[in-house]
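Q: Listed here are the chains, written in short residue letters.
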Amino acid sequence: MKVNPLEPMKAKITEIETMTEIEKLITIKLHDREYAESFSYTPGQFVTLGVMGVGEAPISICTAQNDELELEFCIRNAGRVTNAIHKLKVGDTVWGRGPYGNGFPMDVYEGNDLLLIAGGLGIAPIRGVLQYALQNREKYGDISVLYGVRCYDLMLFKDDMLDYFRNGDRHGVKFYLSYEDKEDQVCYGLACERDDRCMHGMVTDLFKKIDRPSKKTYAIIGGPPIMYKFTIMQLEKLNFRPERVYMTLERRMRCGVGQCGHCIVGTGKSIKYVCKDGPVFTLWDAMNTKGMI
Amino acid sequence: MTRRLTVDELTRVEGHGGVEVVLDGSEVKDVKFNIFEGPRFFESIIKTVHYEKIPDMTRRICAICTASHSLASIGAIENAFNVENTPQTELLRDLLIHGESIESHALHVYMLALPDFLGYPDAFAMSADHMDAVKNALALKKTGNMIHTTLSWRDVHGMNERVGGFSKAPTEEALTEVKTMLEKAQPAAELAVELFKGFELPTYNESDNVLMAIDPGERFGYLGTHVLVSGGERHPQEDYEKLTNERVYRHSYAKHSTYDDGPFMVGALPRIRLSHDKLTGTALEMYREHSDMVDPRNTLSNNFCQALELVHDVERGIEVIDTLLSNGLEDEGLAAFEVHESRGINVVEAPRGLLYHDYSFDESGCITKANIITPTAQNAANVEKDIRVIAGNHVGEDAELMNNIEVMIRAYDPCISCSVHLVRLK
Amino acid sequence: MLVKVLAKSSFSSFVGALGDYGDLYAPVKTSEKVHSFKEIESLTDIDLSYTRTMIPPKKFFIHPEEVIFEFNIDEELYIEPPGGDERIVLFGVHSCDINALNLLAKVFTEELPDKYYLERKERSFIVGVSCVPDEYCFCHSTGTSYAQEGFELFLHDIGDSYFVRVGSLKGHEFIATHPSLFEAAEQSHYDSFKDAERKMYASFTNELEMAGLQDLLDMAYESEVWTEYGDKCLGCGSCNLVCPRCRCYDVEDHINLDLNTGERVRKWYSCMLSEHGLVAGGHNFRPTARERIRNRFNCKGSLREDMPNCVGCGRCTVFCPAEIDYVEVMKKVRGDLK
Amino acid sequence: MKPRVGIFSLTGCAGDQLQILNMEDELLDLVSHIHIVDFQEGSSYKEEGPVDIAFVEGSVSTETDLKHLKEIRERSKVLIAFGNCAVEGGIQAMRNDEGSIDERLKEVYGVEPGFFDARLSKPLSEYVDVDLDIPGCPVEKEETLRAITSLLHGDTPLRFTYPVCVECKLNEYPCVIIESGKPCLGPVIRAGCDARCPGLGLDCIGCRGPVDSASGFAAEYSMLLEKGYSKEFILNRLRVFSGEVKEDFLGGDQ
Ligand SMILES: Cc1cc2nc3c(=O)[nH]c(=O)nc-3n(C[C@H](O)[C@H](O)[C@H](O)COP(=O)(O)OP(=O)(O)OC[C@H]3O[C@@H](n4cnc5c(N)ncnc54)[C@H](O)[C@@H]3O)c2cc1C
Ligand code: SF4
Ligand code: SF4
Ligand code: SF4
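Note that the protein sequences, when read in sequence, are chains A, B, C and D. So in the working numbering, spot 102 of the first sequence is number 682, and the numbers just go up one at a time. So in the working numbering, spot 82 of the second sequence is number 101, and the numbers just go up one at a time. So in the working numbering, spot 153 of the third sequence is number 384, and the numbers just go up one at a time. So in the working numbering, spot 245 of the fourth sequence is number 722, and the numbers just go up one at a time.
Derived from the structure by calculation, the hints contain no laboratory data. Any given hint could turn out to be false.
[To be verified] Keeping only pairs whose Cα atoms sit at most 20 angstroms apart, straight-line, the calculated SDA-like set for lysine to any residue is: (1) D:LYS704 - C:ILE555; (2) B:LYS297 - B:LEU110; (3) D:LYS544 - B:LEU110; (4) D:LYS708 - D:ASP574; (5) C:LYS260 - D:ILE655; (6) B:LYS187 - D:LEU679.
Work out the full structure, taking the sequences as your base and the hints as a guide.
A: This is the structure:
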């Protein structure tokens, strides 16, 4: 079947949902049935998505594996390729390779509590983790989600997230929300609705709201580089052991398969490729790999 | 009642210029050939710069005459430091400047001037009905450019021709390829003459012209050390200040040149007129056949003369390449010489006419003073004279008058970006 | 390992026979300080006394710039450009470069086999040659002064003949089809070979202590060394481009004027260039020369398959316009811990 | 509908427009994909109205240039600074920090201040938003063509963000700094010319202007000082195509 790992595979866009001014949720269906059926992945893995004549960009798969032969991506218009993807319509072709990288080890987390922490676009991979955990609810203990947004307009997956927020008990998840924009009326309304779950501030402020996590909790983080440092400080305060903290990183990538060298991090002692050794790493990895966060 | 007629911006010329004519009834009150390209101050900018990089800077005075500027500049430096060049260098330079002439004339004759004669706004529009002419033009232009890139290493602002020779000699294969291109381009060059010989020259600007051109030596060409003036005078290039007598005029903002207090013309017409007996075979034949098209009293003949030069350039190019190939090419490196406090002056024929560079150096070879006189600056006074003549003779619509003036100016192939000393009046 | 002897008097027949396998490339002197692997037309072009080429032989396997796909938008096709079937002989490769190719092969073939690399490797014939180190070589420190594998034949100069090690089946077949060129190796040949190796080893003047370098680099993360050399660094990328172990590349799509066809090109890149660590949104993970040079030395110093990511060829020092000396920097890292 | 393209020029040598005319093999194909509304050097045809892609060559050196530029910006969707003069101010900006324009006018024309409509030569970005720059003195044909096709394709053209040395190495040209100590500017100049000058054994004079990260300037400057070149020599060299080389580019020790 596929012989050249760099050769993109054809896929059709089956659905487009505009989520915010700069983010769209794009559903694709792989053209090659065999490839589609053999396409298995864990949350946190990514593919490269491309447009002919423009290029490719690494994008997280933001769902958990399911029987539908379709994949969802939350894509922010941030540059050439993502802009080209934003211009496409339902029925248009995109090109993909993957899945690549190491996702979140959902099997390792089995029997444990989960604390998911996401900021901004970082919710994309975390949503997959959440979906997976909820689909396999019996395998996991308590599940809490801390999601920080700048304002309501920039909240991603609004329907899902508000559903978790409002009906968390039914889904089996405690969902906390923070918002940065003081003036945001919608978020203020949410905070009034449930002030134990929603507040003005940074995502790290939500640590004040949650119960003290049990010793058998795994923390799972997705967000912009700046968020990691502060989140980890909070987790360290709560005595999280470094191998119980997982996070997904972003770097520039050209190949996705450990060749092009752009995503390299670390020192002589520990050089890592975010694409193939990650993008999911533990805090212990980060402590041993300088420059990772 | 006086009328002010203007062409705000001349098109299909290099750089920015305009025309203003003030008429009182049919009496010509005033004419201005305005040049309003911004000031670039090359002569002051290059001060303190080491001679080695001077040609790299001065060739950027103008894109279409880049090789002429660099050769004028290199020559002036070599004259200052008494550099001896090899025969191979001389031949390569001769080829280079012929290449530039082909490229420039192909562009001007076919793509900028021909639309005037056939009544189109540009070569692109013309291509709808005269695809062949446009393709010829492009093929010829490409040939000229190919000489330029082979010797100078870029279409515009090359770098390979240097003080003391060429940094890298072209390979024999490359030259052979150029020769093949030149041979293929011959019909296109001859067609230019055929095309232009068919156009009747308007007579509205007939008047006396003083003509000035280089003395090319044995063969018709663009390099030399002396300047010829119609009437039989011959002056060494070192006397250029006397020949050009530059002055700043309040209105037009290239400095204007005069000779013996009157305007004079440089360019293809003077060159052909003063040295036609030195043209190559076909070009000479064609000249003889159509010598009536070379009218020294009618500057519009300039286009026809450019077409003749195209034929000559192509033939001469082939000849030079043959000589180079039979001598065998060698990577000679650059000539050695000593730098000292000195002054050097050099003249070449740019496609549009005589071009002078004059530099003074300190003992480390850095420029202390520079003077550059370009063909368009020299022609400016003559252009104004022609405008007066045309306006004076004109009967009929003002629009037609202005169009005639524009066509006439374009015939000079003015290169305004080249005019160096240019500023617009506030 | 199979071993044979090739008399120097048979040298030209040997090179001629190599030419039967494919196009012959060997080191040629191209300027005062540069040698290059070039296609050989005449035996006299070959300069086996060279120390190092500027661009290493990796250029034959991952081209400096190459089309990896042609595409057609209307037809929705990515097409691999025809691989070609020309076979090449690389003659005169030194041990450091062979070892570098071995490590490069791991990157390009181990996890996800790179088709382009594999095909070219398949169609190549590598002949190693022993060398004499200069003041920049330190391959004895990096353990790469001897190549155990990754070649078809390896020629060791032992006076009036070459001691030939046979490194692959292809090499063996070559010997089998040209029996008249080779002699059996006698004890005396083995002795001369060992002598020559000993002499070579003794002639190194440059040295880098490798023990624990990985840890030291880690500890020197905030060292002043990086600022000092970051200030000196021009950021020109030369060090990476001449390094036989560097393999960073960039990918670009180019579309033709018909707005339908085009190509995807991959070309060598360098971690010393400012955009190497830039991501969308404008965040640069290695914003200044200090971070970039630190990253490069850490990458070089790291181990892979127990071998450092540097084979001690000295190229990056020799071809750095700013004269930054690799060994000097690493020595400072050793001496300047924080 | 074909995109409306304008090719405008301010103060310069007109070499960048000429490079478009020099695309002899592609020119006719190219003009069939676009609708040219203004091309001073190539055509008398002019059309008012909006412009999709405006190429502007030359620097702003007169009040007239400035007025013209603002008009172009007003009517254009994408404005491209086309060539070194437009991107950096060009060769004519080299002495901007040495003496006033009036002194130069006096020197070259022998006229009093205020006589002419002249100002210090500046790049377009000094006065208007520039969407894309295509550097070079002159621009490279291939890069220009690639930029146009990329724009026609609805994409943002790729820019060269690395220095000439990269192309020099990929071509296996001997480094002229290392071989003969020539003052090559390749390390700090934007690639895209395929290292033409080093390929001829010449030092790069920087006609494509500084590479995006100007951090190498200080290192280049001290390297050349160390090689024995004088400060004036180096500045004369660095400034030809880099506009006013900012003092802080050169580090503290100058
Ligand atoms: C593992 C992984 C998972 C990811 N998942 C997602 C996801 O789920 N959703 C998502 O939206 N994104 C995701 N990203 C980020 C996404 O890959 C980038 O946003 C994308 O690569 C941008 O590509 P582009 O071609 O659109 O931008 P480009 O145009 O290639 O921009 C790339 C870089 O070049 C810079 N750049 C571009 N033009 C210029 C210029 N003119 N001047 C200076 N700099 C410039 C940009 O700032 C940026 O740093 C992920 C990244 C990684 C590594
Ligand atoms: S880092 Fe330098 S010495 Fe080491 S292999 Fe690369 S170029 Fe050679
Ligand atoms: S010659 Fe110039 S461009 Fe080439 S590597 Fe040396 S410094 Fe860089
Ligand atoms: S090497 Fe330098 S001067 Fe030469 S063309 Fe390239 S950028 Fe211009």
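Q: Each hint: holds or not?
A: Consistency of the hints with the structure:
no., hint, verdict
1, D:LYS704 - C:ILE555, "15 angstroms, holds"
2, B:LYS297 - B:LEU110, "17 angstroms, holds"
3, D:LYS544 - B:LEU110, "47 angstroms, violated"
4, D:LYS708 - D:ASP574, "15 angstroms, holds"
5, C:LYS260 - D:ILE655, "16 angstroms, holds"
6, B:LYS187 - D:LEU679, "10 angstroms, holds"
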